[in-house]
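Asks: Using the hints, position chain W against chain Y.
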Amino acid sequence: MKPKDIAIQPFLDSRHGLCPGCGSAIAMAHIQSIVSQPLPSGKIKKIRSMVIPASCWSIGSGFDGVSFVGTNLTNTPFIAGATVGEGIGIMSQRQGLAEKEITIVWAGDGASFDIGLGLLSGAAIRNADILYVINDNQTYGNTGAQESGATPEGAKTQTSPLGKEIAQKDILEIMMAHKIPYYASIVLSVTTLDDFYAKVRRAADQSGFRCLHLLSVCPPGWKCDAAKTPDLAELAVQTRAFPLVEVIDGRLCLTKPKREKPIEEFLKHQKRFDAIIDSPEALHKFQKQIDNNWNYLLRLEEITK
Amino acid sequence: MNSKLACGKTILTGNKAAAYGFALAELDVFGGYPITPSTEITEEMATLASRKIISTTYRNTDSELASMALGIGVATAGGRYGTATSSQGLALMFELLHWATTAELPLVVVNTNRSLGAPWSIHPDQTDSLLFRDLFMPQIYCASVQETLDMVLWAYRMAEDPRVNLPVLVCLDGFMLSHTAETVIIPTQESVRKFLPEKRFCKDFMLPEFDDKKIVNLQCPYNWKEHSRRKRALVLAMQSAYSAIPEIAGDWFNIFRGNYDNGFLRISGDPNAKIAAISMGAIVGTIEEAFADKPVKVIGIRFFRPFPAKELRNAIGNASKIIVIDRSILPNGHGVIADELRLAGGACGYNGADIHSFVGGFGGQNFSEENFLNMLSAILSEIGPFKKTYWMGDAQ
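Protein chains in written order, with our numbering: chain Y, 1 to 305; chain W, 1 to 396.
Simulated from the structure, these hints should not be mistaken for laboratory data. Quantities reported herein were computed from a predicted structural model and do not represent experimental measurements. Glycine included, every Cβ here is placed at the ideal spot set by N, Cα and C. Careful: at least some of the hints might be erroneous.
[To be verified] In silico BS3-like links for lysine-lysine, alpha-carbon gap of 27 Å or less: (1) W:Lys214 / Y:Lys100; (2) W:Lys213 / Y:Lys100; (3) W:Lys199 / Y:Lys100; (4) W:Lys213 / Y:Lys46; (5) Y:Lys228 / Y:Lys288; (6) W:Lys199 / Y:Lys46; (7) Y:Lys43 / W:Lys213.
[Stated by the list, open to error] Simulated DEER-style distance windows between Cβ atoms: (8) Y:Tyr296 / W:Leu236: 53 to 63 Å; (9) W:Arg133 / Y:Glu301: 54 to 64 Å; (10) Y:Ile248 / W:Ser55: 42 to 52 Å; (11) W:Asn60 / Y:Arg299: 27 to 37 Å.
One chain only, chain Y, in its complex shape (with noise of 0.2 Å):
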């Protein structure tokens, strides 16, 4: 099945309160509707519930009982996302449901890289039958646009006037180190989406714990362009500032773009990068990290084959 064979449903309520030129709004209108069409093994599954720790999608999934998009949707603390979407997991297995429902968890960079990392450690360890999704776009945006660990290091954000002083967090590695069956990064965008609809169909498709790293451009945060999204997900992976990778079993494997091209394409876009753009040396030092994850990553895939 190709992406053109998924219509998108209508998942996404026009009350939505997300901003405009949200990345991640786009990725869960895809995402609901390429879980609700039947998965490769034939398998059909309702969303039992997309459970949504403290994020923007808190106030911006609905209001007075009703879910804007389209799905059932418990709402948790910063901190418990995980492990309430493993107690509800826990349920449909008990009910005999778990072939036929999925729960996902649907979680912020600050939820699963920072506040929320042990009880995801502990969801994840526990192999809970979960898809829970980082929708990383590398800031806590509802609270307006404060350093995670995600933020890379050197963007400014309100917490971090100057950029950034410490690495990003590793959660490729984090995930890989808690021996999940499935992890995959994706990216929302044209040169991206069949990766993305053959990632998220494998994802939805097995039970057990399933990791899907989801980069959202978010417009505010990142201080672009609202109607660059789609560009700046697709230049995110042409710079490899965010590599497509997809572990399954311990097995990583890299989508190579296409076209690749320089970091500066990503950062010129956006302005908590300026104060990179305008030093050829914080530009030459911020490509060679990117060059040195690539390459660790080329070194990765060899040795888990």
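Replies: The following block gives chain W in isolation, referenced to the frame of chain Y:
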């Protein structure tokens, strides 16, 4: 289900009895995380589940916070959940415990009472659970091992009462009860099912069932009117919990012949005595023994939340002196029970009886019958009313 679970007369510690209560409640899921002195409850549940003596899904969680998050998930999906903890663990749960109460999710937490640090201590007092007295969460305090087993079952009955729908906290004193072995009768699974039927589906607070086309958005933002409505509903739920207690006690008596009177209190001694001693938890038994041949009636509080003000007024009756023994302390210098009584006194009319407040039991301070007798003679030799708080040990 659970057909292999032992029943009948045996000897158990308080912790084991709590585990048997959980086992007989036929939980869907138990989340376990070790902490002294509650650990054996968790160990026993892990053993019973992994040996398939019970069909509960057991999970070793990664913290008490995760135990409570798991409970929120299970209860949201309509399952019956339990967990056990103590002190620091209960404190770590706070954010999610508050969430579970205000989300009106029935589940049960057993707290084996232990001092809440600092300083570091594993000794029992009641400062941990009483810190949670402002939550919309019924709190039960056990005075014996049998009571511990029974109260876990009561807690599920109350939690899942459609008028209540709240988490319930069952407390037993660390070591004094958790590690003390007593004779216990484990009821049969069949009789427990009569008392505690299968969990009812409560559509207001749970995800719709599989075939239901309805779509919900649980715990999303609401307008202020709905917030007010929900706060009021919580008050009503606590009031309903109050009226449910005698019903539960009545049903318990009819099925098991176990007599907890109307459920709220444990009362012994001369009903016309002019002195009433009030306390809570495992030391109630010691106080009863100390005052067995003294003109004192001893009142043990079983349900601290909802606070049994009316029942206490009746139990105190014509007593002119009230001794309160607290194992907790508040910033205003009062023990928690004494504070509640002083607060409720106006509305409930304790006939102007003097409240003599004793606090202690911290850091492993042990109470013997002699301590209580010394306390009594100190009170009898003084003339009230007393506004101050005596620290146990000072009065000897």
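Asks: With reference to the structure, classify each hint as holding or not holding.
Replies: Quick rundown of the hints versus the structure:
Among the hinted pairs, Lys214 of chain W with Lys100 of chain Y is consistent with the structure: their alpha-carbon atoms are about 17 Å apart, no more than 27 Å. Pair hint Lys213 of chain W plus Lys100 of chain Y holds up; C-alpha atoms about 15 Å apart against a cutoff of 27 Å. Only pairs whose Cα atoms come within 27 Å are accepted, and Lys199 of chain W paired with Lys100 of chain Y is accepted, the gap being roughly 23 Å. Between Lys213 of chain W and Lys46 of chain Y the alpha-carbon distance is near 11 Å, which keeps this suggested pair within the 27 Å criterion.
About 26 Å separates the Cα atoms of Lys228 of chain Y and Lys288 of chain Y, which keeps this hinted pair within 27 Å; it holds. Between Lys199 of chain W and Lys46 of chain Y the alpha-carbon distance is near 24 Å, which keeps this suggested pair within the 27 Å criterion. Between the alpha carbons of Lys43 of chain Y and Lys213 of chain W the distance comes to roughly 20 Å, so the proposed pair stays at or under 27 Å and holds. For Tyr296 of chain Y paired with Leu236 of chain W, a C-beta distance near 59 Å keeps the hint of 53 to 63 Å intact.
Look at Arg133 of chain W against Glu301 of chain Y: about 57 Å separates their beta carbons, and that is inside 54 to 64 Å. The hinted window of 42 to 52 Å between Ile248 of chain Y and Ser55 of chain W is violated, with their beta carbons roughly 33 Å apart. Checked against the given bound of 27 to 37 Å, the beta carbons of Asn60 of chain W and Arg299 of chain Y, roughly 35 Å apart, stay inside it.
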